[in-house]
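A.B. asks: Build out the structure end to end from the sequences listed, making use of the hints.
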Amino acid sequence: MFIFIVRRVLQTIPVLIGVSLVVFLIMQMVPGDPAVLLAGESATEEQVNQLRSQLGLDQPLYIQYFDYIKNVIQGDLGTSIRSNRPVLDEILVRLPVTIELAFWSIVVTVVLGLLAGVISATKQRSLTDVSIMVAALIGVSLPNFWLGLMLILYFSVQFQIFPVSGWGTFAHIVLPALTLGTSGAAIVARMTRSSMLEVIRQDYIRTAKAKGVKQRYIVYKHALKNALVPVITVVGLQFGALLGGTVLTESVFAINGLGRMIVDAIRMRDLPLVQGSILVVSALFVLVNLIVDISYKFVDKKVDLN
Amino acid sequence: MTSKEILKVRGLKTHFKSGKKVVKAVDGVDFEVKEGETLGIVGESGCGKSMTSLSIMRLVDEQGEISGDGVYFKDQNLLDKSEEEMRSIRGNQISMIFQEPMTSLNPVFTVGEQISESLRIHQGLNKSEAWKRSVEMLELVGIPSPEKRAKQEPHELSGGMRQRVMIAMALACNPSLLIADEPTTALDVTIQAQILDLLKKLQSEFNSAVIMITHDLGVVAETCDNVVVMYSGKVVEHTHVDQLFDNPLHPYTQGLLKAMPRIDEDVDELYAIEGTVPNPDNLPKGCRFAPRCPIAKDICHEKLPELTPLESGSKVRCFAYTDEWNKEESQNGDINKEAAPSQGN
Chain A
1 MFIFIVRRVL
11 QTIPVLIGVS
21 LVVFLIMQMV
31 PGDPAVLLAG
41 ESATEEQVNQ
51 LRSQLGLDQP
61 LYIQYFDYIK
71 NVIQGDLGTS
81 IRSNRPVLDE
91 ILVRLPVTIE
101 LAFWSIVVTV
111 VLGLLAGVIS
121 ATKQRSLTDV
131 SIMVAALIGV
141 SLPNFWLGLM
151 LILYFSVQFQ
161 IFPVSGWGTF
171 AHIVLPALTL
181 GTSGAAIVAR
191 MTRSSMLEVI
201 RQDYIRTAKA
211 KGVKQRYIVY
221 KHALKNALVP
231 VITVVGLQFG
241 ALLGGTVLTE
251 SVFAINGLGR
261 MIVDAIRMRD
271 LPLVQGSILV
281 VSALFVLVNL
291 IVDISYKFVD
301 KKVDLN
Chain B
1 MTSKEILKVR
11 GLKTHFKSGK
21 KVVKAVDGVD
31 FEVKEGETLG
41 IVGESGCGKS
51 MTSLSIMRLV
61 DEQGEISGDG
71 VYFKDQNLLD
81 KSEEEMRSIR
91 GNQISMIFQE
101 PMTSLNPVFT
111 VGEQISESLR
121 IHQGLNKSEA
131 WKRSVEMLEL
141 VGIPSPEKRA
151 KQEPHELSGG
161 MRQRVMIAMA
171 LACNPSLLIA
181 DEPTTALDVT
191 IQAQILDLLK
201 KLQSEFNSAV
211 IMITHDLGVV
221 AETCDNVVVM
231 YSGKVVEHTH
241 VDQLFDNPLH
251 PYTQGLLKAM
261 PRIDEDVDEL
271 YAIEGTVPNP
281 DNLPKGCRFA
291 PRCPIAKDIC
301 HEKLPELTPL
311 ESGSKVRCFA
321 YTDEWNKEES
331 QNGDINKEAA
341 PSQGN
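Same order as they appear, the protein sequences are chains A and B.
If you use full-length UniProt numbering, the first sequence corresponds to residues 1 to 306, in order.
If you use full-length UniProt numbering, the second sequence corresponds to residues 1 to 345, in order.
Treat the hints loosely; a few may be bogus.
Claimed, not checked - Each computed DSBU-like pair below joins lysine-lysine, with the alpha-carbon atoms no more than 30 Å apart:
hint : chain 1 : residue 1 : chain 2 : residue 2
1    : B       : LYS24     : B       : LYS132
2    : B       : LYS258    : A       : LYS214
3    : B       : LYS148    : A       : LYS225
4    : A       : LYS297    : B       : LYS24
5    : B       : LYS24     : A       : LYS123
6    : A       : LYS214    : B       : LYS327
7    : A       : LYS221    : B       : LYS151
8    : B       : LYS303    : A       : LYS221
9    : A       : LYS214    : B       : LYS81
Since the hints were made in silico from the structure, they are not lab data.
A quick note: this is a predicted structure, and the numbers were derived from the prediction, not measured.
C.D. replies: Dropping the structure here:
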């Protein structure tokens, strides 16, 4: 187990190097010269050149890259061109917001999704089952920003239960978390249902029945634990996606998260900030996947991790 | 013959409805098991022997409908019991061992946990008491270093080991009746013998009655006291094990024995009963074996014979043992001369 974890952690290193390289190269291909942009329209050719060499932009690409990596390893992601503050500081201000939002969205996904999936599977072909599956289909199809707007319209404007936008209290989290969690919950519900239906047909479920185990325990203990493996995969991927890709929802609810910051940075050609935040998001994604892989082993020790 | 009947099955039927078709998997089965007895149920695949055992436990899928005059376990009709009452009987008073030890244990729980579960449900033991008892049970079924094994998950054990675990689980609450559904079919021959020996030993220790479901007549000879032969959802013969081998009554049983290769005979081609088992959703009108029967007369194709008790104590479902037989015009001759298994000449 320990060896597996160490090996799995080491495997993330080439992935991260690859990601940094890709991000670095894409940034180079983006049209527009950051030095020109930064120096302003009134700057002379000389001033621009001076700024360029100051930023190291006149060096060959590989040297720029190695310098960048060297700094990253030392915890220096560069300085934001716009705000002139360290990129890492900028990210660390926004990251907790995004993580909190992603966490509660995943809670919605897991709780709603598992419950709906299990109920659906145990009442296969009933009206409940059909209703849940139709709801799941709708949930998967709804665009996030639209769902967010509708939730605001009903729960904030009409019934005034939750605040319209902003961040700070738990009440602020409810609507965005519901918005982001719904599609995940729909996917998890469908996944859980099919996984449970498969498990319920297995011989060991019959054995449990022959032992006189209560139906409830058969479903939630014997069957669910076996059905969880594919569900964990989906939840992990969802969580990873939520860490980087909640731009629309953050915009709808005016939340200052990582997603919005990245979009703003791209618009402003704030190269170091874009690079740094994408690197951090990728690293988090890799970390989540690592956790998912390790958790397989805890659910089902038979899973071959090599 | 003096001991008490622990299980009495009367007219048990399990029918599956799919659309307009009705599949009669079990169709009016009668037999009884006495205390401490081992009753074999034999028959080929699809004859309803496994379904009979699942019906006794009321573990048939929702689509299957169980009916009949009664399944009396210690004089209580199991068909009248609520699901809740059935749960307290399953695994406690009646236990089951299944054919596939590789898949019959839950892969995500340790074997100790799985044995403990029965004990905690039925005997109200706490976690550590149940665990202790589970380890004792593992030791009893001959698993070396049981304390270590109890903490392992099924995939760490071999097939034979897993079947021992299943036996430990089934016997944990000291049931009065153990139903073993082809317990050795999936195992190597050497392991088969070990498991059968173990079952026999534990049966006398626990004084449980056993229903041994099998298609292997060797297993029957090895373990059973009495034998029920099933064909197409019905009992065709119920007899003592010695009688079964020395003097099989039903033409189907005779065919089965004839089809068994013998060590003291050298034949080029093994005997096979002609034809195939009838489709359970399209059964013949008369005796279900009639289309394959070497001695069938007209009456066999028209009427279904009853399970008739004979003087010897055996029961058989065949017109050849009734008065009606002699009234019929003989087509193929007398049963005992031609259809009886050849005795090594």
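A.B. asks: Can the restraint linking LYS214 of chain A and LYS327 of chain B be considered satisfied, given a maximum Cα separation of 30 Å?
C.D. replies: At roughly 57 Å apart (the allowed maximum being 30 Å), LYS327 of chain B and LYS214 of chain A break the hint.
A.B. asks: Taking 30 Å as the top limit, are the C-alpha atoms of LYS297 of chain A and LYS24 of chain B close enough?
C.D. replies: violated (44 Å)
A.B. asks: Would the hint linking LYS303 of chain B and LYS221 of chain A be met if the CA-CA limit is 30 Å?
C.D. replies: With Cα atoms ~51 Å apart, LYS303 of chain B and LYS221 of chain A exceed 30 Å; violated.
A.B. asks: Are the Cα atoms of LYS221 of chain A and LYS151 of chain B separated by 30 Å or less?
C.D. replies: Holds. LYS221 of chain A to LYS151 of chain B sits at ~18 Å (cutoff 30 Å).
A.B. asks: Does the structure keep LYS148 of chain B and LYS225 of chain A at a Cα separation of 30 Å or less?
C.D. replies: With Cα atoms ~23 Å apart, LYS148 of chain B and LYS225 of chain A stay inside 30 Å; holds.
A.B. asks: Does the alpha-carbon distance linking LYS214 of chain A and LYS81 of chain B stay inside the 30 Å limit?
C.D. replies: Since the Cα atoms of LYS214 of chain A and LYS81 of chain B sit roughly 16 Å apart, the hinted pair holds (cutoff 30 Å).
A.B. asks: Does LYS258 of chain B pair with LYS214 of chain A here, judged by a C-alpha cut-off of 30 Å?
C.D. replies: Cα-Cα ~46 Å, so violated.
A.B. asks: Mind checking the alpha carbons of LYS24 of chain B and LYS123 of chain A for me, to see if they're no more than 30 Å apart?
C.D. replies: holds (26 Å)
A.B. asks: For LYS24 of chain B and LYS132 of chain B, compute the direct alpha-carbon distance and say whether it is at most 30 Å.
C.D. replies: violated (45 Å)
Going down the numbered hints, you'll see the structure goes against 1, 2, 4, 6, 8, while the others check out.
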